[in-house]
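Peer 1: What follows is the residue order along each chain.
2 protein chains.
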Amino acid sequence: MKLSTKGRYGVKAMFDLAQNYGTGPIPLNSIAQRQNISGYYLEQLIAILRKAGLVKSVRGAQGGYILSRPPENITIGDIIRVLEGPIAPVDCVNEEEPEPCSKWEFCITRSIWEKVRDSVTDVLDSITLADMVEEEKKRNVNIKEIGTTSNIGGVNK
Amino acid sequence: MKLSTKGRYGVKAMFDLAQNYGTGPIPLNSIAQRQNISGYYLEQLIAILRKAGLVKSVRGAQGGYILSRPPENITIGDIIRVLEGPIAPVDCVNEEEPEPCSKWEFCITRSIWEKVRDSVTDVLDSITLADMVEEEKKRNVNIKEIGTTSNIGGVNK
DNA sequence: CTAATTCCTACTAAAATAGTAGGATATCCT
DNA sequence: AGGATATCCTACTATTTTAGTAGGAATTAG
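Those protein sequences? They're chains H and Y, same order as listed.
Read left to right, the first sequence gives residues 148 to 304 (this note's numbering).
Read left to right, the second sequence gives residues 148 to 304 (this note's numbering).
Heads up, some of the hints might be wrong.
Just so you know, same-sequence chains aren't split out, so a pair can sit in one copy or run between any two.
To be verified - Below 27 Å or equal to it, Euclidean Cα-Cα: the simulated DSS-like pairs (lysine-lysine) are:
id, residue 1, residue 2
1, Lys262, Lys291
2, Lys153, Lys198
3, Lys203, Lys284
4, Lys285, Lys262
5, Lys284, Lys262
6, Lys284, Lys153
7, Lys285, Lys198
8, Lys153, Lys291
9, Lys198, Lys291
10, Lys284, Lys198
Everything labelled a hint here was simulated from the structure, so no lab data went into it.
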């Protein structure tokens, strides 16, 4: 039940693009640095996002990547589906083309996996990149107010 | 975001034991046959479940496995945690010992994974083996009432 | 004693994961 | 025009995980 780095890095990269939305194309290496991801690896991930139509690319100097829709129109579910495939704890409840097993309609475990799938998609489809940017802004305000004390007891490895 | 066969098979096997609860020890090979799982492989999985205290074993002839608690006291979450490890889409929101990353408290993606984790655990912890047995009984009644026509349009590979 | 059954350990093929790497191509800027 | 900055595309690789297979020792009912 783990997400791979594809999904994790993908969401981080898309969030980075959302934060910089409106300021022209963002070069991949700057994203990779800010988000602490291997540039080579991120290249492959963003290629998937581009082919799926979630980001647009601008080639050449001063080029980079741009969200192809405004942040409020891209959900975390959109990103995860593209990078990790259809959301489903097991293949027989795959959103797109559920893979039939023997005794399909008699399997009780199946109904459980459907419930899990639905609860996950509910969460992922309800959060947009704009929501994340908004929350991040709020958080920064709080940190300024509270100051450095906010890190008391915090982890800083 | 997929479950491995460990979790899937484990739930099936535990459900099988729940259906046969009260009728003495159930030999592993009969479970494997009914649930269509490799016996050799299931042996390893049930060893994990036994060490975790979810099933008891009876060795020797006429031996087998028994749920160590009544079906109403075992949830799907219990089983999944034992076989797949703590429920978490990413390690930094691990239920047991979250693995800290750099800039822990500043990561917005983290709050998303927490929401996903919570919605999954809510579902898995709310379903017991007894619930499954109950639902299965209901279903069998329906099938008897409707008869063979219930499979019209059904998959039967 | 024997058949049934759990228990324990080791082995393995195939796939997925998480990168690394190199060169071709395109475009801005001077 | 030419160099610097980028994307684009493909191939390679080490490590880990997955999903088993296998063999034999230990235990117990009948």
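Peer 1: Now tell me if each hint is right for this structure.
Peer 2: Hints and how they fare:
no.: 1; hint: Lys262 / Lys291; verdict: between (41 Å within a copy, 26 Å between copies)
no.: 2; hint: Lys153 / Lys198; verdict: within (15 Å within a copy, 34 Å between copies)
no.: 3; hint: Lys203 / Lys284; verdict: within (25 Å within a copy, 53 Å between copies)
no.: 4; hint: Lys285 / Lys262; verdict: between (33 Å within a copy, 19 Å between copies)
no.: 5; hint: Lys284 / Lys262; verdict: between (34 Å within a copy, 19 Å between copies)
no.: 6; hint: Lys284 / Lys153; verdict: within (25 Å within a copy, 42 Å between copies)
no.: 7; hint: Lys285 / Lys198; verdict: neither (33 Å within a copy, 47 Å between copies)
no.: 8; hint: Lys153 / Lys291; verdict: neither (32 Å within a copy, 47 Å between copies)
no.: 9; hint: Lys198 / Lys291; verdict: neither (40 Å within a copy, 50 Å between copies)
no.: 10; hint: Lys284 / Lys198; verdict: neither (30 Å within a copy, 47 Å between copies)
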